[in-house]
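Keeping their order, the protein sequence lines are chains A and B.
Mapping of the first sequence onto the working numbering: position 104 corresponds to residue 104, and the numbering continues sequentially without gaps.
Mapping of the second sequence onto the working numbering: position 177 corresponds to residue 177, and the numbering continues sequentially without gaps.
For the record, the hints were derived by calculation from the structure and aren't laboratory data.
Keep in mind that the hints are not guaranteed to be accurate.
Said to hold, decoys possible - Lysine-lysine pairs mimicking DSS-like chemistry, simulated, CA-CA at most 30 Å apart:
hint	chain 1	residue 1	chain 2	residue 2
1	A	K175	B	K32
2	B	K32	B	K46
3	B	K32	A	K114
4	B	K109	B	K175
5	A	K114	B	K175
6	A	K175	A	K114
7	B	K109	B	K32
8	A	K175	A	K32
9	B	K32	B	K175
10	B	K46	B	K175
11	A	K32	A	K114
12	A	K109	B	K175
13	A	K175	B	K46
14	A	K109	A	K32
15	A	K109	A	K175
There are 2 protein chains.
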Amino acid sequence: MQRHFDAELQLLNQDILQMGSLVEAAIGQVMKALVDRNAPLAEAVKNGDDPINWLEIAIDERCLELLARHQPAGSDLRFIAMALKINNDLERMGDLAVNIAERTLDLLKEPLLKPLIDIPRMSLLAQQMVNDSLDAFVRRDAALARNVCQRDDDVDNLNDQVFRELLTYMISDPKTITRAVDLILVGRHLERIADHATNVAEDVIYLVQGKTVKHHLEERQLAT
Amino acid sequence: MQRHFDAELQLLNQDILQMGSLVEAAIGQVMKALVDRNAPLAEAVKNGDDPINWLEIAIDERCLELLARHQPAGSDLRFIAMALKINNDLERMGDLAVNIAERTLDLLKEPLLKPLIDIPRMSLLAQQMVNDSLDAFVRRDAALARNVCQRDDDVDNLNDQVFRELLTYMISDPKTITRAVDLILVGRHLERIADHATNVAEDVIYLVQGKTVKHHLEERQLAT
Numbered sequence: 001m002q003r004h005f006d007a008e009l010q011l012l013n014q015d016i017l018q019m020g021s022l023v024e025a026a027i028g029q030v031m032k033a034l035v036d037r038n039a040p041l042a043e044a045v046k047n048g049d050d051p052i053n054w055l056e057i058a059i060d061e062r063c064l065e066l067l068a069r070h071q072p073a074g075s076d077l078r079f080i081a082m083a084l085k086i087n088n089d090l091e092r093m094g095d096l097a098v099n100i101a102e103r104t105l106d107l108l109k110e111p112l113l114k115p116l117i118d119i120p121r122m123s124l125l126a127q128q129m130v131n132d133s134l135d136a137f138v139r140r141d142a143a144l145a146r147n148v149c150q151r152d153d154d155v156d157n158l159n160d161q162v163f164r165e166l167l168t169y170m171i172s173d174p175k176t177i178t179r180a181v182d183l184i185l186v187g188r189h190l191e192r193i194a195d196h197a198t199n200v201a202e203d204v205i206y207l208v209q210g211k212t213v214k215h216h217l218e219e220r221q222l223a224t
Numbered sequence: 001m002q003r004h005f006d007a008e009l010q011l012l013n014q015d016i017l018q019m020g021s022l023v024e025a026a027i028g029q030v031m032k033a034l035v036d037r038n039a040p041l042a043e044a045v046k047n048g049d050d051p052i053n054w055l056e057i058a059i060d061e062r063c064l065e066l067l068a069r070h071q072p073a074g075s076d077l078r079f080i081a082m083a084l085k086i087n088n089d090l091e092r093m094g095d096l097a098v099n100i101a102e103r104t105l106d107l108l109k110e111p112l113l114k115p116l117i118d119i120p121r122m123s124l125l126a127q128q129m130v131n132d133s134l135d136a137f138v139r140r141d142a143a144l145a146r147n148v149c150q151r152d153d154d155v156d157n158l159n160d161q162v163f164r165e166l167l168t169y170m171i172s173d174p175k176t177i178t179r180a181v182d183l184i185l186v187g188r189h190l191e192r193i194a195d196h197a198t199n200v201a202e203d204v205i206y207l208v209q210g211k212t213v214k215h216h217l218e219e220r221q222l223a224t
């Protein structure tokens, strides 16, 4: 029975990783579409998130079934509960990749606005956070997960910088307005992707250490 | 034992409702701050989401404890799993209210940009969706939950309209750019709040009917 249960947990692990790969691929491809000005690729990302959505439903159902049939406790229970939450975050990241694809398709209707400022760099940072948060999940690596949480500020700062720079563009040349607004929204979406990767990392820390790090509760507890 | 468990489920119910009231209040207050140009109120929303964050952690822990101690099955299990997910969505709505408060504080540094177009109306629609999705949750009312899902398109359409209108403003008068961008972001945040209310409503339908309505799977299944 326990061996059978372990095998099922392993399958859940694989589903989450599979979901993560799809999401990472979507972010990578939409950024490639933006940089290379490749509209068909952006279209493909925009229309390609059905597999992510279906997998989300399958993972939810697998989690509920595991809870119902095996009534796990301790770390197995934590694992399944965290899988439910991570699943949610991954699905949102997929939605955000679709949102970026929509903005990209708008952007490709007009000439390129400068070299996209720091957006590709933001995207790389966000993708790396997604990748590392899932790595941390597979390897139950709390140190790597903590490292992911720390990097969230870098993406936020880069986004603030991109935002300010794009405002300057718009003010000095109103012809750039629609494109600059689209890029501001792309920046926002990337920032949200990094936020979700941070959520995943926080869930990994909870999974490994049974400790909540959300909302900087730790520092707060230490401070009081 | 069962009676004790039922009492604990009731407490979980109350926690979720409490979380919902805090979130609804935050959205209502930040919109009041924007309309009345009340910076201290916007500050209060910006700094006031700690209780929401703490409650999120408490609800997560309550869910895990209930799963571990009572090893529920059937509809009780679905209820706890949905509470975990709804909790997540409510916490994000709280974050979005904080984001709107940040934009509002920026906006209040400059003169009012026209009568905020349809933003207050969008906010009312979104708040009503949040309210009804939680009502549907308490009353296990799948019909009301379905109705909430249908209203998501209205908010999306209103947001597209607001977006286009603000672009026109910026292009005809570049002095409005920073304010218009802030309002575009407020519109986005409200649209995301409505998305999260839709998630809650979908979870309620699943809870009541044991049926997944996410990603329009139903229509797809009917079509094949």
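Here is what the structure says about each hint:
Between K175(A) and K32(B), the direct Cα distance comes to roughly 34 Å. Violation of the 30 Å bound is thereby established for this hinted pair. With a C-alpha separation of about 13 Å, the suggested pair K32(B) and K46(B) falls inside the 30 Å cut-off, and the hint holds. Taken as a hint, the K32(B) and K114(A) pair is broken in the structure, with Cα atoms around 39 Å apart against an allowance of 30 Å. Taking the CA atoms of K109(B) and K175(B), the gap is near 14 Å; set against the 30 Å cutoff, the hint holds.
Restraint check for K114(A) and K175(B): satisfied, since their Cα atoms lie roughly 22 Å apart, inside the 30 Å limit. A hinted pair counts as satisfied when its Cα atoms are at most 30 Å apart, and K175(A) with K114(A) qualifies at roughly 13 Å. Of the supplied pair hints, the one linking K109(B) and K32(B) holds, its CA atoms being roughly 16 Å apart against a limit of 30 Å. At most 30 Å may separate the alpha-carbon atoms for a hinted pair to count; K175(A) and K32(A) meet this at roughly 25 Å.
At roughly 25 Å between alpha-carbon atoms, K32(B) and K175(B) fall within 30 Å of each other, so this suggested pair holds. Taking the CA atoms of K46(B) and K175(B), the gap is about 27 Å. The hint holds against a cut of 30 Å. Only pairs whose Cα atoms come within 30 Å are accepted, and K32(A) paired with K114(A) is accepted, the gap being roughly 16 Å. Taking the CA atoms of K109(A) and K175(B), the gap is about 25 Å. The hint holds against a cut of 30 Å.
About 34 Å separates the Cα atoms of K175(A) and K46(B), which puts this hinted pair outside 30 Å; it is violated. The straight-line distance between the Cα atoms of K109(A) and K32(A) is roughly 16 Å, inside the 30 Å bound, and the hint therefore holds. Between K109(A) and K175(A) the alpha-carbon distance is near 14 Å, which keeps this suggested pair within the 30 Å criterion.
Figure legend: structure checked against the earlier numbered hints; hints not met, in rising order: 1, 3 and 13.
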